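Q: Protein chains in written order, with this note's numbering: chain E, 2 to 334; chain X, 2 to 334.
Some hints here could point you the wrong way.
Since the list gives no way to pick one copy over another, a pair counts as held whenever it fits inside one copy or between any two copies.
Said to hold, decoys possible - Simulated crosslink set (DSSO-like; lysine-lysine; CA at most 30 angstroms straight-line):
#1 252 - 298
#2 209 - 101
#3 174 - 240
#4 169 - 324
#5 324 - 35
#6 35 - 101
#7 272 - 330
#8 166 - 324
#9 324 - 272
#10 298 - 330
#11 330 - 166
#12 209 - 324
If you are wondering where the hints come from, they were derived from the structure by calculation, not from laboratory data. Being a predicted model, the structure only gives us computed values, none of them experimental.
Protein chains: 2
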Amino acid sequence: MTSSAYDVLGIGNAIVDILARTDDAFLTAQGMTKGSMTLIDEARATGIYSAMGPAVEVSGGSAANTIVGVADFGARGAFVGKVKNDTLGGVFIHDIRAAKVSFDTAAATDGPATACSYILVTPDGERTMNTYLGAAQNLHPNDIDAAQIAASAIVYLEGYLWDPKDAKDAFLKASSVAHGAGRMVALTLSDAFCVGRYRDEFLELMRKRTVDLVFANEAELTSLYETADFDAALAQLRKDAKLGVVTRSEKGCVVISGDETEAVPAFPVEKVVDTTGAGDLFAAGFLFGLVRGAGLKQAGQLGTLAAAEIIQHIGARPQTSLKALAQAKGLLP
Amino acid sequence: MTSSAYDVLGIGNAIVDILARTDDAFLTAQGMTKGSMTLIDEARATGIYSAMGPAVEVSGGSAANTIVGVADFGARGAFVGKVKNDTLGGVFIHDIRAAKVSFDTAAATDGPATACSYILVTPDGERTMNTYLGAAQNLHPNDIDAAQIAASAIVYLEGYLWDPKDAKDAFLKASSVAHGAGRMVALTLSDAFCVGRYRDEFLELMRKRTVDLVFANEAELTSLYETADFDAALAQLRKDAKLGVVTRSEKGCVVISGDETEAVPAFPVEKVVDTTGAGDLFAAGFLFGLVRGAGLKQAGQLGTLAAAEIIQHIGARPQTSLKALAQAKGLLP
Chain E
2 MTSSAYDVLG IGNAIVDILA RTDDAFLTAQ GMTKGSMTLI DEARATGIYS
52 AMGPAVEVSG GSAANTIVGV ADFGARGAFV GKVKNDTLGG VFIHDIRAAK
102 VSFDTAAATD GPATACSYIL VTPDGERTMN TYLGAAQNLH PNDIDAAQIA
152 ASAIVYLEGY LWDPKDAKDA FLKASSVAHG AGRMVALTLS DAFCVGRYRD
202 EFLELMRKRT VDLVFANEAE LTSLYETADF DAALAQLRKD AKLGVVTRSE
252 KGCVVISGDE TEAVPAFPVE KVVDTTGAGD LFAAGFLFGL VRGAGLKQAG
302 QLGTLAAAEI IQHIGARPQT SLKALAQAKG LLP
Chain X
2 MTSSAYDVLG IGNAIVDILA RTDDAFLTAQ GMTKGSMTLI DEARATGIYS
52 AMGPAVEVSG GSAANTIVGV ADFGARGAFV GKVKNDTLGG VFIHDIRAAK
102 VSFDTAAATD GPATACSYIL VTPDGERTMN TYLGAAQNLH PNDIDAAQIA
152 ASAIVYLEGY LWDPKDAKDA FLKASSVAHG AGRMVALTLS DAFCVGRYRD
202 EFLELMRKRT VDLVFANEAE LTSLYETADF DAALAQLRKD AKLGVVTRSE
252 KGCVVISGDE TEAVPAFPVE KVVDTTGAGD LFAAGFLFGL VRGAGLKQAG
302 QLGTLAAAEI IQHIGARPQT SLKALAQAKG LLP
């Protein structure tokens, strides 16, 4: 394998999050499934926005959050995703570049607006997402720069990309190019309902080794294997993925690879404010650990540390230097 | 005095804040005066935005923040200010209405974009603001609805309004209408440099009783009277304002009215994250206390409580119910 220009390149939906605090009654009244991500159209977006409380706008997008986290730890990140050249597109571009992530996907000049996700945060810190994909759904295989992919040590893909149709092809092209260059391909299953929509395709991606490393939380894992038995699902994952990482909220994470198993506890958190981005930032810490040659246990610790930072404030982009945090905890020199 | 439709009506610049963490070196490199508000043009806005780190967008505007705070305490608030009908204008309108504040000023359909303030927050929590006034500067006396002003128990004006030229006339019209209806008019001096620009005019507003209640922080007060002697400045304020309220950061506030003086300590705060909106939310608590018939001391306590809430997170809009907070502290039944 040749040297890489990027440590981790992410491909995902380029989204600006619009976050508001709410209560469970609002979710019920709006017919929302707590903790899930639902795709919505423009009319529904307008309806939700009118009904929801005062909000805060923060750049988001699952893989984008992860790559910003990777860069914040001090690694070289790149992101591929589609915005429109509108106000929120400008916000997304500014924020990801200001985070020192390479981002060069051409913005759409017509068609739907930059994607946004209306995220309702309940007092328990749980987030419920309603995503208008807008321009993000027009990510196309032509947006994939083969040379850039081949120059990235790890290519990281979000399961949410399986919703927009051209993005799926972009995803497959990237995996093929990455593997051709001897790189590792990682996938997050993203959301239990997303797994419900694409279970067979995700299993095929794993079994055919289109992806090598799979991130999942408990709900996504048990949805994937349609079982309530966590250990049984984990045993299946061990067979299907070269490397599997399962996050378990306050129970930390379990990393499996062949016969190897590492369970890593969660970092203690004073108060969970907003879980938006918890999985994304876990992946950031873990991937950063991998590219820096850390063992699975230390990579898991970096993941749980980054997740702990992100859930203590609103929004899925770090508000504290992850590198400094890891150094303070003795996880980095 | 007849009954009122609104407890407090605020008139101010309608602004969306774009907040980013930074360090002192960045402020120095950019030639910014720490802790101040500087007016910038579009080119400078673009330059600052390109140079600054990843940001968060939150509705702001000094008087708007205050009125949102008043409404959050449970009183009836109204706001008058100018946005354009663009994306950030939509954000401002959504957020203020979602906070249950009455807001009906017609948005501009052409001319400059909705105002935004690039706010740099240093590790000590201090904020340095660079404001592109855009559409806000086109607030006009015609935007002042005399019937609405006359129906508001207190009219609250921000000193920043003295920068845009038509807004000044809107301000004077509102004061005249309010006094004609037997209402109280309050003014915040806003910023020490703003006071430096308009010292004589602000003193005239006070001495001619165009305003009855004046809010200032220590820097604004000493700038107003061009003295480093706080007590001397306070003695002057006692003569010039019917009611004066001076905020002193971690020393709390001093309220003066004729011979009366009430010093109120600050609420203890675990960690100052971002002081953006501290003065605005102090004014919210104080004004809420006044309209609810609280004494000067209790009004001051409500002010320091609201200020304590706002400085513990990013942005100048409350993230916790101020009413519930005041109830928990025994300040409200």
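Q: Against each hint, give a clear statement of whether it holds in the structure.
A: Checked hints:
1. Proximity of residue 252 to residue 298 under the C-alpha cut-off of 30 angstroms is restricted to the intra-copy arrangement: shortest distance 15 angstroms within a copy versus 48 angstroms between copies.
2. Taking identical chains as interchangeable, the C-alpha atoms of residue 209 and residue 101 are never at most 30 angstroms apart, the minima being 34 angstroms within one chain and 54 angstroms between chains.
3. Taking CA atoms no more than 30 angstroms apart as the test, residue 174 paired with residue 240 passes inside one copy only; the shortest distance there is 25 angstroms, against 76 angstroms between copies.
4. In the homo-oligomer, the alpha carbons of residue 169 and residue 324 never lie at most 30 angstroms apart, since the shortest distance is 33 angstroms inside one protomer and 48 angstroms across protomers.
5. Only between protomers do residue 324 and residue 35 lie at most 30 angstroms apart by alpha-carbon distance; the minimum there is 27 angstroms, versus 32 angstroms within a single protomer.
6. For the homomeric pair residue 35 and residue 101, the shortest alpha-carbon distance between copies (25 angstroms) is at most 30 angstroms, but the shortest distance inside one copy (33 angstroms) is not.
7. For the identical chains of this complex, residue 272 and residue 330 are neighbours both inside a copy (19 angstroms) and across copies (20 angstroms), given an alpha-carbon limit of 30 angstroms.
8. With identical chains, the CA atoms of residue 166 and residue 324 are never at most 30 angstroms apart, being 36 angstroms at best within one copy and 48 angstroms at best between copies.
9. Both within a single protomer and between protomers do residue 324 and residue 272 lie at most 30 angstroms apart by alpha-carbon distance, with minima of 22 angstroms and 21 angstroms respectively.
10. Proximity of residue 298 to residue 330 under the C-alpha cut-off of 30 angstroms is restricted to the intra-copy arrangement: shortest distance 15 angstroms within a copy versus 45 angstroms between copies.
11. Taking the shortest alpha-carbon separations for residue 330 and residue 166, neither the intra-copy value of 42 angstroms nor the inter-copy value of 54 angstroms comes in at or below 30 angstroms.
12. In this assembly of identical chains, residue 209 and residue 324 lie within 30 angstroms of each other by CA distance neither inside one copy nor across copies; the values are 35 angstroms within and 57 angstroms between.
Violated hints for the displayed structure, listed by number in ascending order: 2, 4, 8, 11 and 12.
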